[in-house]
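Following the hints, put chains Z and G with the ligands in place on chain E, whose structure we already have.
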Amino acid sequence: MTDQTTAVEHDPGATDALLGPDSARFRHDYLEARGLRVAFGGFVAVRDVDLTVAQGDLRFLIGPNGAGKTTLIDAVTGLVPATGSARLGRTELLGRGTHRIARHGVGRTFQTASVFEELTVLQNLDIAAGARRGPLTMLRRRGAVPEAVEQALEVVGLAGLRDTPAGVLAHGQKQWLEIGMLLVQDAHLLFLDEPVAGMTQAEREATGDLLRRIGSQRVVVVVEHDMEFLRAFADSVTVMHQGRVLAEGTVAEVQRDPAVVEVYLGAPAQPGTAATTKEDA
Amino acid sequence: MDTLLPQLFAGLSLGSVLLLAALGLALTFGQMGVINMAHGEFMMAGAYTAFVVQGLLGDPGASLLVALPLGFVVGGVLGLVLEATLVHRMYHRPLDTLLVTWGVALLLQQVARDVFGAPNIDVAAPGWLSGAVTVAGVALPKTRLFILALAVVCVAALAFALRATPLGRRIRAVVQNRDLAEASGISSRGTDRMTFFIGSGLAGVAGVALTLLGSIGPTLGTHYIVDAFLVVVAGGIGQIKGTVVAATALGLMQAFFEYSTTASVAKVLVFVVVIAFLQVRPQGLVTVRTRSLA
Amino acid sequence: MTQRLTALLAPGRTRALAGFALAAVVLFAVAPVLLSPFRLGLLAKFLCLAMVAVGIGLAWGRGGLLTLGQGVYFGLGAYVMAMHLKLADAGPGGVPDFMSLYGTGEVPWWWEPMRSPVATVALVILVPALLAGVLGWAVFTRRVRGAYFAILSQALAAAFAILLVGQQQTTGGTNGLNGFRSFFGYDLADPVNQRMLYLVAAGVLLAMVLVARQLMVSRFGELLVAVRDAEDRVRFLGYDPAVAKTTVYVVAAVMAAVGGALFVPVVGIVSPADVGVVPSIGFLVGVAIGGRATLLGPVLGAIAVSWAQTSISEQFPSGWIYFQGALFVGVVAFLPGGLASLLGRRRRRGRGDAAPAPEEPETTAPPSPVPAGAHTGRTAQGRQP
Ligand SMILES: Nc1ncnc2c1ncn2[C@@H]1O[C@H](COP(=O)(O)OP(=O)(O)O)[C@@H](O)[C@H]1O
Ligand SMILES: [Mg+2]
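Protein chains in written order, with the working numbering: chain E, 1 to 281; chain Z, 1001 to 1294; chain G, 2001 to 2385.
Careful, some of the hints might be misleading.
Stated by the list, open to error - Pairs of lysine to any residue residues, derived as SDA-like cross-links and limited to a Cα-Cα distance of at most 25 Å, are as follows:
(1) Z:1241 <-> E:42
(2) Z:1142 <-> Z:1122
(3) G:2045 <-> G:2180
(4) G:2045 <-> G:2035
(5) Z:1241 <-> G:2035
(6) Z:1241 <-> Z:1164
(7) Z:1241 <-> Z:1168
(8) Z:1142 <-> Z:1066
(9) Z:1241 <-> E:56
To be verified - In silico contact screen, one side only, chain Z against chain G (beta carbon under 7 Å); selected entries:
(10) 1058
(11) 1095
(12) 1102
(13) 1106
(14) 1110
(15) 1229
(16) 1230
(17) 1262
(18) 1266
(19) 1268
(20) 1278
Derived by calculation from the structure, the hints in this document are not laboratory data.
Remember, it's a predicted structure, so these values are computed and weren't measured experimentally.
By construction, the Cβ of each residue, glycine as well, lies at the ideal position given by its N, Cα and C atoms.
Just chain E, same shape as in the assembly (with noise of 0.2 Å):
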């Protein structure tokens, strides 16, 4: 575990490589969410909720259990049917089918990894590598392993793994798996949904890392319940609580916000360890 760690942050390089020249840069790329809106049923479980994201802005999402953060995502990249509006730049998300979505440019990580487990390592980033691929293509063998996969393996320390069916990964190694995957598939917007959740500290450090990187050059968003990792790696938090946006702006100004604070039933100094105490409950 620990020489993957090393991987990822000695190799900034291969991240940058991986990311896209500069000029990519000035995309600048963002996810607007307006009046967005999920119900099961009677159930709302996502109301109203206006979002904007930039591209170098790391955002987290936040809130206790059931407050509709993952329900969100779900809603954005076309799992679950919603009303409102999403749009990634001027491409309106909503109404298309997921696998539309994601040519769009839209990537996801689980809140339990999912990989391709009887897969290698290899074969699981090739697959992500690959949605844009024609039938010739597709027909054809591996020949050699795309630019893209072979940095991704880099980056996410599994180059050592590639061969390894995914299944037999460690729950950490499955996670950067999938956000290699999430880097290859070439997402503009990318959601990921609790990625360090079970991971080491040095772990987190390392994956801290590697989501600032990208955060410079896509949009992205981070559910994660980790106070500590929020703190140490966050742009700019929103609080999600009962399906609405209840707070947002940095870290400093979230943690100030009385109404968080009622939310997590904590003291002001210090709502992490309530919110993650809520949580473990």
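Relative to chain E, chains Z and G with the ligands alone:
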């Protein structure tokens, strides 16, 4: 108008037969997710039970009344054995269960062939079911009316059992959330067995009823199993209501298509309609909202 | 022997080439010399059935599509070919014998294209491809899958057989079509031509194995495994799983149809009994026993099972049914990877091979009865309850 009524009755009657065949599946497939291809052979076992009972008792009326509950027990016990030996170790492999139970079906058919012989045999219907009731100039055979009534009784009994008894509550709890049910002290093994017993027992009852409609043979089940599954699929799983509606609808469609074309073309048309219907509602008529599959 | 089989079942390129050469030698040189014309004819029949198995191996083993209705495609290929043979026997403008016997004595319009040999060969492929394409697309885009798909495919087989039986005047009904005299101008009674048919069947089967192998080792093959194991996850990477599934379903259908088309001149008859629910599931026995997700498992399994069926039912007719039922139960319940998994396990222990041949292939359908659509994405997420 004078053609409408006979078709209507034929359709309802066919629907009631389909319903009897599918009702048990609605439990084992719908509630437990087990694709039991031997369900048809449990019906066959019920039919031969009626044959044996009649051989022992002689009187068709008395033997029918004895065969109905006995068929339930025979089918149920077969189901119980199947569940305990094979199915229970395969709950996580539903498609493989399908193949394994198909193997069991083949075995049961051959057993029937070796015990009762390959040719079809007849079971006499009781005197009080011979003849027909004439309604608005249309003769409705009493056997078919009896089966219709039997289907209604079975549905009512099952609905009552699921809704109002402790067992029913346990079944529904396990279906909705196996882990949670177990955590709250419900034995999911016991509940599975019970569900399978009842579902398979209903197949036995269906088999007894089928002896009223014609001769029976070792392959009786194979004539019904496909349609029965189609009914459950079209009806949507998890609720008896959907199965009832789908069985009736398929029966009526078959009857009316048959009237305007031929029996075989009607079958194909019904299949096409079901496919088309699943385009609109891939989960069938009635669906239960669950959050997750796991 | 085990060694050789192991080599055959492994996906390495040189080994595959060697295995392929070996199979070619056995099929083209050894079998025709060693077997009597009667046995060779039987083997030809088994090879036709094995073609269906190759397709099932792809669709079911790799793609997770449990197709219980391959008899339909087998039958379409077979009946198209049989119609052509009947028409050819009847001569230009002639009427097949059974039609004058049971029907109006007129050839229905939809028989007419089969007068042309070229059209026949094209239709053998196009008709099943089109049906499988339309049905597959309709069903897979609506995310009907797992058990639901299996049941629908089975209903399709039932409907097809019933339709054939019902159309006595134009399809020969229960009797089917039989009594063919020639095959594209060659006299079917001549043993030389029978041997030629065998060689054609062997060549076609080898070609199909090559196609299957290419599909398995290609990126498409990897995608197929991904779709089989986590269909919803694939969607979030920008793929439409319905495309991959429909493709493999069509390929399997065409393979079954070609098998059916060759079955007709080899065996001399096709009837609804060859295409209904029971034979359709029967096709799966060999695949399951050989190893559904391997390349050669389905082929060898299908040939072995057909062979066993013939020799067992020659002696005890009812014995075969018991045997088949027991095989189904035993292999599927206790050895889901088939016999190949025994070999595979040994091989993998030998040299840390990471081939995508799954040892626990059945991960296709969710354990819950809820089919497609019902927020199935939740499985993709693997959400904690
Ligand atoms: N498919 C669904 N059907 C019904 N209710 C759902 C579904 N998905 C989520 N919910 C409900 O929506 C609410 C928000 O859930 P979720 O987004 O997972 O919360 P979070 O990720 O913030 O913990 C919860 O109350 C949950 O029960
Ligand atoms: Mg969540």
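Against the structure, the hints:
1. Z:1241 <-> E:42: It holds: about 22 Å lies between the C-alpha atoms, which stays within 25 Å.
2. Z:1142 <-> Z:1122: Holds, at about 18 Å.
3. G:2045 <-> G:2180: holds (16 Å)
4. G:2045 <-> G:2035: holds (14 Å)
5. Z:1241 <-> G:2035: Judged against 25 Å, a Cα distance of about 60 Å means the pair is violated.
6. Z:1241 <-> Z:1164: The hint holds at about 16 Å.
7. Z:1241 <-> Z:1168: Holds: residue 1241 (chain Z) and residue 1168 (chain Z) sit about 15 Å apart, inside 25 Å.
8. Z:1142 <-> Z:1066: Status holds; Cα separation ~19 Å.
9. Z:1241 <-> E:56: Not satisfied, since the Cα-Cα distance of roughly 54 Å exceeds 25 Å.
10. 1058: violated (31 Å)
11. 1095: Constraint on residue 1095 (chain Z) satisfied, holds at 5 Å.
12. 1102: Since chain G brings a Cβ to about 6 Å from residue 1102 (chain Z), closer than 7 Å, the hint holds.
13. 1106: holds (4 Å)
14. 1110: holds (4 Å)
15. 1229: This hint holds: residue 1229 (chain Z) lies near chain G, its Cβ roughly 5 Å from the closest one there, short of 7 Å.
16. 1230: holds (5 Å)
17. 1262: Hint on residue 1262 (chain Z): holds, closest Cβ of chain G at ~6 Å, below 7 Å.
18. 1266: Nearest chain G Cβ about 9 Å off; hint violated.
19. 1268: holds (5 Å)
20. 1278: holds (6 Å)
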